[in-house]
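Q: Work out the full structure: start from the sequences and follow the hints.
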Amino acid sequence: MTTVAIAQVAPVLCDLERSLERAEAAIGEAAGMGAHLVVFGETWLPGYPVWADAGLPWGDDATKAAHARLLANAVEVPGPAVDALARVAREHGVHVVIGINERDGRFSRGTLYNSLLYLSDRGEILGVHRKLVPTHSERVIWGMGDGSTLSVVDTPFGRLGGLICWEHWMPVARFAMHAKGERIHVAAWPDAPEIHHLASRSYAFEGRCFVLCAALVLPLSAVPDDLPVRDRIAAMADERGFVVAGGSGVIAPDGTWVVGPVEGEQILTADLDLDLVARELQALDAAGHYHRPDVFRVVVDETPREPIRYERDTHGDPTAIPSKDPGFEADPSTS
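Last residue of the sequence shown? That's 342 in this note's numbering, and every number before it is there in order.
What the hints contain is simulated information worked out from the structure, not anything from laboratory work.
Quick reminder that beta carbons are idealized off the backbone N, C-alpha and C, glycines included.
Just the calculated beta-carbon pair ranges, DEER-fashion: (1) A32 x R113: 30 to 40 Å; (2) A91 x R319: 30 to 40 Å; (3) M8 x G66: 48 to 58 Å; (4) S155 x A72: 27 to 37 Å; (5) R304 x E246: 47 to 57 Å.
A: Pasting the structure below:
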């Protein structure tokens with residue numbers, strides 16, 4: 008059996024340091040409950056910019072100030088926040104998948120990405136997936152990912168992958184992940200109403216894998232008083248004081264719930280019998296015996312799409328190093 012945990016606990020919105028403290032505590036608590044894998048929801052660190060769903064007038068002073076706060080508290084990979092999470096994963100011997108607001112410091116000072124960070128039980132960075140298409144108003148907050156991060160990582164309990172929110176309605180993205188042989192899939196959401204449960208359960212059935220439907224929970228108390236758009240976020244809270252109430256759960260390869268869905272702040276655990284994956288593949292293997300490659304051709308471009316390339320004429324000197332932006336790995340063919 009493999010024990011998994013979904014940390015449906017609140018970050019402190021737009022506060023990286025305090026959110027890290029809460030993440031570290033949740034990882035330790037989940038490890039104490041026997042978890043081998045601990046999962047957090049979409050952009051958990053340092054929180055989902057819920058004002059994107061509030062119908063705000065984009066470009067006014069309040070939303071600009073809120074975005075600046077989010078940018079200042081975003082996560083660079085690698086970087087100090089990742090180092091802190093890696094240390095906790097290593098100390099507790101657990102794998103961690105956590106949604107982050109990722110800031111790419113190599114090429115841009117201002118572009119954020121909606122990403123999933125994968126850490127091993129030894130504190131290694133296994134991978135980062137960037138959401139391919141931010142949804143609706145999210146496009147004023149996050150840039151687009153590319154095929155280079157559409158990956159599945161190897162773990163002691165099998166192949167582990169994940170998609171973010173509406174990527175679960177991208178048929179070819181789902182197929183690309185199924186073809187990589189996931190046994191456990193992280194479905195990261197900002198919230199999890201019935202329609203998101205439907206997508207998560209459908210993914211489990213189609214992909215013949217366990218799905219960890221990981222949603223956020225955000226009580227109004229986790230929104231700092233000085234956040235410029237707090238008054239507008241407060242208008243989104245329900246009678247219980249939740250801006251987002253959760254809805255996480257674990258789904259079996261046949262599409263049925265193993266545990267959940269649940270609301271409120273808690274750490275949800277489940278024991279997975281991974282042999283069920285092979286049993287369910289008898290009837291359906293979407294990228295295997297239930298696929299027709301003679302009829303359908305699927306091509307996934309996994310080339311990293313970097314925004315700029317620096318080159319310099321080296322006058323035929325094969326030992327010369329082309330000029331480059333800090334952190335940019337030049338292609339040797341340009342020398």
